[in-house]
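Residue numbers (numbering that gives the first Met the number 0), protein chains in the order written: chain H, 0 to 163; chain Y, 0 to 508.
Heads up, some of the hints might be wrong.
[Stated by the list, open to error] Heads up, simulated DSS-like pairs for lysine-lysine below, C-alpha to C-alpha not over 30 Å straight-line:
#1 Y:Lys-353 to H:Lys-96
#2 Y:Lys-434 to Y:Lys-165
#3 Y:Lys-445 to Y:Lys-434
#4 H:Lys-135 to Y:Lys-445
#5 H:Lys-138 to Y:Lys-446
[As the list claims (entries may be wrong)] Here are a few chain H residues that face chain Y, going by a calculated C-beta distance under 8 Å:
#6 His-11
#7 Leu-15
#8 Leu-47
#9 Tyr-52
#10 Lys-55
#11 Val-70
#12 Gly-103
#13 Ala-127
#14 Met-130
[Claimed, not checked] For each label pair, taking beta carbons as the anchor points, the in silico distance ranges come out as:
#15 H:Ser-69 to Y:Phe-322: 35 to 45 Å
#16 Y:Pro-49 to H:Glu-19: 50 to 60 Å
#17 H:Glu-163 to Y:Pro-131: 48 to 58 Å
Simulated from the structure, these hints should not be mistaken for laboratory data.
If you're wondering where the values come from, they're calculated on a predicted model, not measured in any experiment.
All residues carry an ideal CB built from backbone N, CA and C; glycine is no exception.
Residues per chain are reported as follows:
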Amino acid sequence: MTYEISIDGTNHRLELSQIEGRWACRLDGREIEVDAVLARPDVISLRLGNKAYEVKCERAGSDLHLWVGSVRYEAEVRDPRSLRSRARAVDDHGPRKLTAPMPGKVVRILLREGAEVDAGTGVLVVEAMKMQNEVKSPKKGKIQKIVVREGAAVNAGDVLGIVE
Amino acid sequence: MFKKILIANRGEIAVRVIRACHEMGISAVAVYSDVDRASLHVRKADEAYPVGPAAAKESYLNIDKIISVAKQSGADAIHPGYGFLSENAQFARACADAGVKFIGPTAAAMDAMGSKTRARKAMEKAGVPFVPGTSRGLDSFEQAQAVAERIGYPVMLKAAAGGGGKGMRLVHSPDELKSSLEGAQSEAERAFGDGEVYLEKAIVNPRHIEMQVFADEHGHTVYLGERECSLQRRHQKVVEEAPSPIVDPDMRRRMGETAVRVAQSAGYTNAGTVEFLVDQQKNFYFLEMNTRLQVEHPVTELITGLDLVHLQIHIANGEHLPFRQEEVNIRGHSIECRIYAEDPENNYFPSPGKITLLLAPSGPGIRRDSGMYEGWTVPMDYDPLLAKLIGYGTDRAQAIGRLQRALNEYFVGGIKTNISLFRRILSDQDFQAGKIDTGFLDRLLKKTRQADGHPDPGAEEAAVIAAGMFAMMGQAAAGPLERAAMESPQNVMSVHSNWKAAARRESLK
Numbered sequence: 000m001t002y003e004i005s006i007d008g009t010n011h012r013l014e015l016s017q018i019e020g021r022w023a024c025r026l027d028g029r030e031i032e033v034d035a036v037l038a039r040p041d042v043i044s045l046r047l048g049n050k051a052y053e054v055k056c057e058r059a060g061s062d063l064h065l066w067v068g069s070v071r072y073e074a075e076v077r078d079p080r081s082l083r084s085r086a087r088a089v090d091d092h093g094p095r096k097l098t099a100p101m102p103g104k105v106v107r108i109l110l111r112e113g114a115e116v117d118a119g120t121g122v123l124v125v126e127a128m129k130m131q132n133e134v135k136s137p138k139k140g141k142i143q144k145i146v147v148r149e150g151a152a153v154n155a156g157d158v159l160g161i162v163e
Numbered sequence: 000m001f002k003k004i005l006i007a008n009r010g011e012i013a014v015r016v017i018r019a020c021h022e023m024g025i026s027a028v029a030v031y032s033d034v035d036r037a038s039l040h041v042r043k044a045d046e047a048y049p050v051g052p053a054a055a056k057e058s059y060l061n062i063d064k065i066i067s068v069a070k071q072s073g074a075d076a077i078h079p080g081y082g083f084l085s086e087n088a089q090f091a092r093a094c095a096d097a098g099v100k101f102i103g104p105t106a107a108a109m110d111a112m113g114s115k116t117r118a119r120k121a122m123e124k125a126g127v128p129f130v131p132g133t134s135r136g137l138d139s140f141e142q143a144q145a146v147a148e149r150i151g152y153p154v155m156l157k158a159a160a161g162g163g164g165k166g167m168r169l170v171h172s173p174d175e176l177k178s179s180l181e182g183a184q185s186e187a188e189r190a191f192g193d194g195e196v197y198l199e200k201a202i203v204n205p206r207h208i209e210m211q212v213f214a215d216e217h218g219h220t221v222y223l224g225e226r227e228c229s230l231q232r233r234h235q236k237v238v239e240e241a242p243s244p245i246v247d248p249d250m251r252r253r254m255g256e257t258a259v260r261v262a263q264s265a266g267y268t269n270a271g272t273v274e275f276l277v278d279q280q281k282n283f284y285f286l287e288m289n290t291r292l293q294v295e296h297p298v299t300e301l302i303t304g305l306d307l308v309h310l311q312i313h314i315a316n317g318e319h320l321p322f323r324q325e326e327v328n329i330r331g332h333s334i335e336c337r338i339y340a341e342d343p344e345n346n347y348f349p350s351p352g353k354i355t356l357l358l359a360p361s362g363p364g365i366r367r368d369s370g371m372y373e374g375w376t377v378p379m380d381y382d383p384l385l386a387k388l389i390g391y392g393t394d395r396a397q398a399i400g401r402l403q404r405a406l407n408e409y410f411v412g413g414i415k416t417n418i419s420l421f422r423r424i425l426s427d428q429d430f431q432a433g434k435i436d437t438g439f440l441d442r443l444l445k446k447t448r449q450a451d452g453h454p455d456p457g458a459e460e461a462a463v464i465a466a467g468m469f470a471m472m473g474q475a476a477a478g479p480l481e482r483a484a485m486e487s488p489q490n491v492m493s494v495h496s497n498w499k500a501a502a503r504r505e506s507l508k
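Isolated chain H, as found in the complex:
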């Protein structure tokens, strides 16, 4: 298998294969001696030469978060053969979403649809674990839509409204 892996903004090309239980690994064209044991789901014990690493994995949507010791690496893994893996351009113009920063409950809606806002103006208040947090407008503009009601339960990343 060949993967394109970007970790914290740096792109790597990784070729991995297994022959009779032994790994063959080529990273950015360089051969690396690798020995791996899946210690338990989401935990790999890795030896690169004789250096030992325990790598923990969290799955966040299509991204993987890899922890080596106390350092976290955010990895985006692309299979170059797959069409889905085209980088998406981020457009800063046009409508922007207001999203919930954490799972919680919408306790207050501070502004109505149609209100003018600056970047950083608080629009809604989401509460979780006894803490209230304002969801702020990401840009200067007008609130086009609020799609939740007060009292609604929301998950992290849920769209709460649109500013355009």
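Based on the hints, put chain Y in the right spot on chain H.
Quick look at chain Y alone, frame taken from chain H:
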């Protein structure tokens, strides 16, 4: 001895008390709200009763409901833990009326301590040192102005019914006083239903040091040494340790004897904590008394060799304190880290959710009081405290070293935790030198974050390679056979995939 104790709490403290019950041969009754059915305390208990919806007001704070469960289950005592009903005199009274022993002080002692201004009056009579200020709530802005002028700025406004930093304002100059006073009053009104606010001199860069006391029901009161709790964020404690790096035996004795006088002046029984503010000249001033078991009680347990929950139960059972003051010895050093479900990279926002992976530390000098487990979904409805990691060593340096080692073993996946914050704190030079005060953490968090030493270039390589391997596994797991296997992780190894087959062979080596 009691046969059955109801624990009117949840999370790690409920688990802590259930363990003590089982160690003493007492049956433990749990209560839980609708979102806590799968919580660890319910799994550990001998009996468990639902007490209502997620909102604490309708479940864990519902006195009638909890008393009725106590009766239904035949519990002969109730342990309130900390938070929730632990400092609620009305609840203590309801327990007494129902013929169930409340494991804690009497309602009268709680009433005496519950209001900070009322407590102050009793204390002044007992010769307890106070920070200069008003001993009563402020009647007017003009009065606040006059008092602030007399004692000098900066001054601190505090809610009389307060705690946890609510209704508190630091005022640097006269022109800030009016808006701060109004802010503190309305916050206190909202948080505690009581807008009474008092004013005192603000001590610059104070330490927060508290003294553990214990009193039996036969007039004996002892102190069990201090805890240094200066590391706070938004007035919430984050790291606690015992003993304090600055308290010597003479200061400990003076603070301890003062704390005992405080407890005795209120006719106090069972476990309590007297909090002091300590200035740079090591003068200590009475702050408040907490009439409950504290979150940070384990550090005292480790340096005294006592089990405070066992002791609470024995004393509530009417027994005498089993030792005298002279027999209390302090040995070694202990530090506690409060592991919260919050995101250090996103302004410490709460981060509830499902714990997908949990690797817990162990080994010499490490104690873990936890309310979480792998696969559990942390509810969004309560305090974000997940667990307490407590290190013990012969001395402070060893305790720090052990905690740093244990923090590197600790891994909580799927949600964000503040574990990385403790790595920063424990490796900080001022912390290691014991130079801490209540402003320490804010100053540390303002510093730009430096990388943890020199990162090993091999670590990034390991991350890239592991990412590829995990991605391969993810693909293998897409088929129906594999999906079934994913749902029961034990079977992952039995699925046909080169990777898994290899891993399995490796594991048999």
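Checked hints:
Distance restraint check for Lys-353 (chain Y) and Lys-96 (chain H): the Cα-Cα separation of roughly 25 Å lies within the 30 Å cut-off, and the hinted pair is therefore satisfied. Restraint check for Lys-434 (chain Y) and Lys-165 (chain Y): the C-alpha separation of about 27 Å stays at or below 30 Å, so the hint holds. As the CA atoms of Lys-445 (chain Y) and Lys-434 (chain Y) are separated by approximately 17 Å, the hinted pair is consistent with the 30 Å bound. The hinted pair formed by Lys-135 (chain H) and Lys-445 (chain Y) meets the criterion: a straight-line CA distance of about 22 Å does not exceed 30 Å.
A distance of roughly 28 Å separates the Cα atoms of Lys-138 (chain H) and Lys-446 (chain Y); the hinted pair therefore holds under the 30 Å criterion. With a least beta-carbon distance of about 5 Å to chain Y, the hint placing His-11 (chain H) at the interface is held under the 8 Å criterion. A distance limit of 8 Å between C-beta atoms decides the matter here; for Leu-15 (chain H) the minimum to chain Y is near 5 Å, and the interface restraint holds. Taking 8 Å as the C-beta contact cut-off toward chain Y, the hint placing Leu-47 (chain H) at the interface holds, the least distance being around 6 Å.
At a threshold of 8 Å, the smallest CB-CB gap from Tyr-52 (chain H) to chain Y is about 4 Å, leaving the interface hint in force. A hinted interface residue such as Lys-55 (chain H) counts as satisfied when its beta carbon comes closer than 8 Å to some beta carbon of chain Y; here the least separation is about 5 Å, so the hint holds. The beta carbon of Val-70 (chain H) is positioned within 8 Å of a beta carbon in chain Y (closest approach about 6 Å), and the interface hint is therefore held. Because the closest C-beta pair between Gly-103 (chain H) and chain Y is about 5 Å apart, less than 8 Å, the hint holds.
Given hint, Ala-127 (chain H) at the interface with chain Y, holds; its Cβ is 4 Å from that chain's nearest Cβ, closer than 8 Å. Given hint, Met-130 (chain H) at the interface with chain Y, holds; its Cβ is 5 Å from that chain's nearest Cβ, closer than 8 Å. Evaluation of the 35 to 45 Å hint for Ser-69 (chain H) and Phe-322 (chain Y) yields a pass: the beta carbon distance comes to about 42 Å. Judged by the Cβ atoms, the range 50 to 60 Å given for Pro-49 (chain Y) and Glu-19 (chain H) holds: they are separated by roughly 56 Å.
A C-beta distance of roughly 56 Å is found between Glu-163 (chain H) and Pro-131 (chain Y), which places it inside the suggested range of 48 to 58 Å.
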